[in-house]
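Sequential numbering of the sequence shown, starting at 1, is according to the numbering used here.
One or more of the hints may lead you astray.
[Unchecked claim] Computed spacing ranges between beta-carbons, pair by pair:
| hint | residue 1 | residue 2 | range |
| --- | --- | --- | --- |
| 1 | D73 | T43 | 12 to 22 Å |
| 2 | E12 | E88 | 15 to 25 Å |
| 3 | H37 | G74 | 17 to 27 Å |
If you are wondering where the hints come from, they were derived from the structure by calculation, not from laboratory data. Please read these numbers as outputs of a predicted model, since none were measured by experiment. Virtual Cβ for every residue (Gly too), placed ideally from N, Cα, C.
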Amino acid sequence: MNDGLPDGWTIERVRTASRDAEAELLPLERLVVLEEHGHPDYTPLRPDLILSFHGLCLVRSDDDWYMGDLDTDGSIVCWSSYGTDLGEAIRGL
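Work the whole structure out from these sequences, hints included.
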């Protein structure tokens, strides 16, 4: 079972690729926004998958993977799209 991960991916493969044995899927019930350079307001994202590892998060929204920080209140502020390929997004760490 891949828990909604892209075809060919499992949480074990994410852990291996990220070199974080504690990588995990996070619940979607949280505020997730994109902070865009030059824009005063955050852009809300609608994630369909959130991965957490190394204190960072990869958020999939509209088929793109966004990198962000998990805040203490559970919200995530993303700063950039890392493309549509999960493997490349993980390597972008």
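Here is how each hint holds up against the structure:
1. D73 x T43: 12 to 22 Å: 19 Å, holds
2. E12 x E88: 15 to 25 Å: 19 Å, holds
3. H37 x G74: 17 to 27 Å: Hint holds: Cβ distance 25 Å, inside 17 to 27 Å.
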